[in-house]
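Each chain, written out:
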Amino acid sequence: MNGSLKQLLRSPLFLVVAAVLLWFSVTFLIYPNLTLLGTVFMPEGQLSFDAIRRLMSSQRAMESLRNSFLLAVILSVTVNAVGIFIVLATRYFDIKGARVLWLGYASTLIYGGIVLVAGYKFLYGDSGFITRLLLNVFPGMSASWFTGMFAVVFVMTFACTGNHLLFFGNALAKVDFQTIEAARMMGASSWKVLRSIVLPTLMPMVYAITILTFLGGLSALAAPQVLGGEDFQTVTPMILTFANAPSSRDLAATLAMILGLSTIVLLAVMNRLEKGGTYFSVSKVPVFLQKQKIENPVANVVVHAVAYALFAVYALPPVLIVIFSFTDAASIQSATLDPGSFTLNNYLRVFTDYSALWPFLVSIGYSAVATTVVVFGLLFVARLVQKFRNPATAAIEYILHIPWILPSTMVALGLIVTFDHSEWLVGNIVLTGTLAILAIAYVIGKIPFTLRMLKAAFAAVPDQLEEAAAILGAGSFTTFRRILLPIVAPTAAAVAALNFNHLLDDYDTAVFLAHPLYQPLGIVIKNATSNDTLTDTTALTFVYTVILMAITGVTMWLVYGRGAGSGVSRRRRPSPKATKALLSASPEAAREPRELAAAGAANTLEK
Amino acid sequence: MITFENVEIRFGDFVALPDYQLTVEEGEFFTLLGPSGCGKSTALRALAGFIQPSRGDIRIGGKRVTHLPSHRREIGMVFQSYALFPTLSVWENIAFGLKVAKVSKAETMERVREIAREVNLSDEQLAKSVTDLSGGQQQRVAIARALVLRPKILLLDEPLSNLDAKLRHQLRAQLKDLQQEFGITTVYVTHDQDEALTMSDRIAVMNNGRIEQVGTPQDVYTRSATEFVCNFVGDANKLSPATVQVVMRDGGSHLDPARPAYVRIEKVRIEAADTAASAAVPALAGRVSSRHYHGVYSSYRVETDRGMLRGILQEDGRGGFQPGDPVRLLVNPDDVLQYGVSRYGVAS
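Residue numbers (my numbering), protein chains in the order written: chain A, 1 to 607; chain G, 608 to 955.
Worth flagging that the hints you see were computed from the coordinates, not collected in a lab.
Since the model is a prediction, treat every value here as computed from it, not as a measurement.
Just to be clear, a hint being listed does not mean it is correct.
Okay, the calculated beta carbon distance ranges per label pair [unchecked claim]:
no. : chain 1 : residue 1 : chain 2 : residue 2 : range
1   : A       : Phe288    : G       : Arg666    : 49 to 59 angstroms
2   : A       : Leu47     : G       : Leu675    : 20 to 30 angstroms
3   : G       : Asp664    : A       : Arg10     : 17 to 27 angstroms
4   : G       : Phe618    : A       : Val430    : 48 to 58 angstroms
5   : G       : Phe621    : A       : Glu295    : 22 to 32 angstroms
6   : A       : Ala456    : G       : Arg666    : 36 to 46 angstroms
7   : G       : Asp739    : A       : Val322    : 39 to 49 angstroms
8   : A       : His515    : G       : Asp730    : 52 to 62 angstroms
9   : A       : Phe477    : G       : Arg666    : 27 to 37 angstroms
Here a beta-carbon is modelled for each residue, glycine too, at the ideal position from N, C-alpha and C.
Construct the entire structure; sequences and hints are all you get.
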């Protein structure tokens, strides 16, 4: 059923989709990046390398670049070490309490970004809970111990292991247990099996996660900004600083371009690695992995001890935030828990005080709008690129992946410099500084993930269903509406939920583009971390964090939790009630019941 | 009547059907039989309107339908996977085409009920989701969905291949009964020779996009027109030239040892070596090298000094022959099928 360009041009529905898509791609994906290039290399309309020269001579900028690469390299090691360990501890080795451990480790799946950074700062910062405990034991130590590169690496290491839990864990579960049994039969020890059989099979996944981690380190914003201090500034906070002053926007653009270029190179490397080394089970009947006992008692104790120590590091921040969200500002400030200080006032305030609720409403509004637009729009686009495979749709697909290969900083900066003056492409209006620009950036940022998921969902629908519909007389729109959409709807809903979740506490894009009067949660939470004296605002951010964790937790459960992937693959079941009602009238029955039944049939068929 | 007139179907540079010519008579159960990749499904899909021929014409009832969309060809189709719409109930699946054709609700009800009765789907099953049905029930829904629009032609694309062996045997008979009851012209695609032989009025055996033979099941089996058909349909021994020479001595003068020769395994008579020899039928002496028990019969491999031959014997409970037993093989010259010189050269 693959269509040619000619067939595409014959379909009015897809012609409209193609036209809107073309406008959107040119206006928001291509043109802003070209403008950014122009800002750097052609500031006065002529080729110039002045921005690069100025950047090279800026000690702060060069240091931030160095720090970013250093952070990326260190994280590649630490995140893998911790990530692989926690997956092996919970999925591969027979460790007591593995399910509880997994829940602790998985806390970063519902608690990440600026929220996580703020949580760690609350715990380990100058007046943090852990810092106060440590000061009791070591009175001479500095209260500001948790700052600089160490703090950034520490926080980001634990923040970035989500990929391991999801992807490395999944890959590990697919290792054919018979290969382990075979190695065991040949006398291999647990360590030998792990080193020579299991880990080599997982290396492509490790490479992929390493590159994602490297990219995460390279473009980190929240952690270096909140915890880096003056001595450890990285590229993205520097871009933000430069972008705020019009005279240094060319430097911001140059740094963003370097970031973008590095991302492209690394993603190309990742693609190559993926192509070259995906290992599949060659077993015809793979057997599920069974947990391995650690035979060496000393090693067993060490692994258990490390696993529980890591559990404490992972679980303490969210647990304490939940607890302290029920205490007053004084308790939060003193990091002490007194039964008398427990209160519901923080929650009451968030839900009754309009100013406290406002950032939440802004975030929900932005997330809902961006999610709806991107999922609804891409339902048509994904179908278009999946059904009509020709050079034009292939080019469109590549263009739609631009946000995936460029850091959000660069996308945001591109939008700022492109739409800070009137542009005919958007009806001669200035977008920078408006409410719309952040929503547009959110939509752009979510395009690649949404497109990939929806395209995969459409591709998973057998061609024969369309052929069956065609032979039964259904046109392409009827087939799309009645057959394809109901099948891909669960995937679309799951993608929408994940997008919504992810945007709810966004900071990286919002900090560049948010309207001053419509500050989303991410910015409010970040601002709370920079207050030297803790105020009621901090208490509110704890409530925000708890609510965010609850929303994310529920979403993750709905999407991933109810049986493996059931949220994605669950199909809408027909309504047996309506059909049974319809069937209750026998053909021999009188006319009236028959017509009633016919009405029932109509309802059923309308569904 | 369906006709393919010099139809050519290409996929890029690959020609799937080079010059396809075929006629299917009205009301017959016609099977396209062949190995995977021979082009049988391509021919069916072209008839359904899913593939456009690059040359030639397809006619249904004399009307040219080559460029007509699928739904205007008055065709019903049962797909290999059944292609039931998973989000719709059984009822909704069957009624889908009627709804699209804007058939009145009352008539839709009546026709769905009627076809459901024909294919033995209960009211309870009609209310279910198609994903709750067994393979056999799903197949019946697919047939009902295809027939409810009262098409002139029914296309069946390997509809039994997803079922277990026992159910497959049961449904063969049901499919054939349904076809006869409706009197509908049916084109059936399969690679299973058993299915083709038991269900079809006529069979077209295909190979590499070409039709090797069209005929009744008996024709195709007993008078296989080409070496390919002989090999593909049924089970045959390829006779060595030395064996052919033995067969030639007693009434087989019409045979030519230089040409490929075959004999169906059930036509090879196996006798104990000490049985009184029949003068009329050429015989070869040999020893049983292996025996495979199949319940109703056993198949034997017999090593002779002219090469290895296979034969079968009905099981009579007396134990049959054992490996190593001396036996005599009888081959009637009239049962030998000979073809032009093989593309692989003369068999040794």
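Comparing the hints with the structure gives:
no.: 1; hint: Phe288(A) x Arg666(G): 49 to 59 angstroms; result: holds (55 angstroms)
no.: 2; hint: Leu47(A) x Leu675(G): 20 to 30 angstroms; result: violated (60 angstroms)
no.: 3; hint: Asp664(G) x Arg10(A): 17 to 27 angstroms; result: holds (23 angstroms)
no.: 4; hint: Phe618(G) x Val430(A): 48 to 58 angstroms; result: holds (53 angstroms)
no.: 5; hint: Phe621(G) x Glu295(A): 22 to 32 angstroms; result: violated (57 angstroms)
no.: 6; hint: Ala456(A) x Arg666(G): 36 to 46 angstroms; result: holds (41 angstroms)
no.: 7; hint: Asp739(G) x Val322(A): 39 to 49 angstroms; result: holds (43 angstroms)
no.: 8; hint: His515(A) x Asp730(G): 52 to 62 angstroms; result: holds (60 angstroms)
no.: 9; hint: Phe477(A) x Arg666(G): 27 to 37 angstroms; result: holds (30 angstroms)
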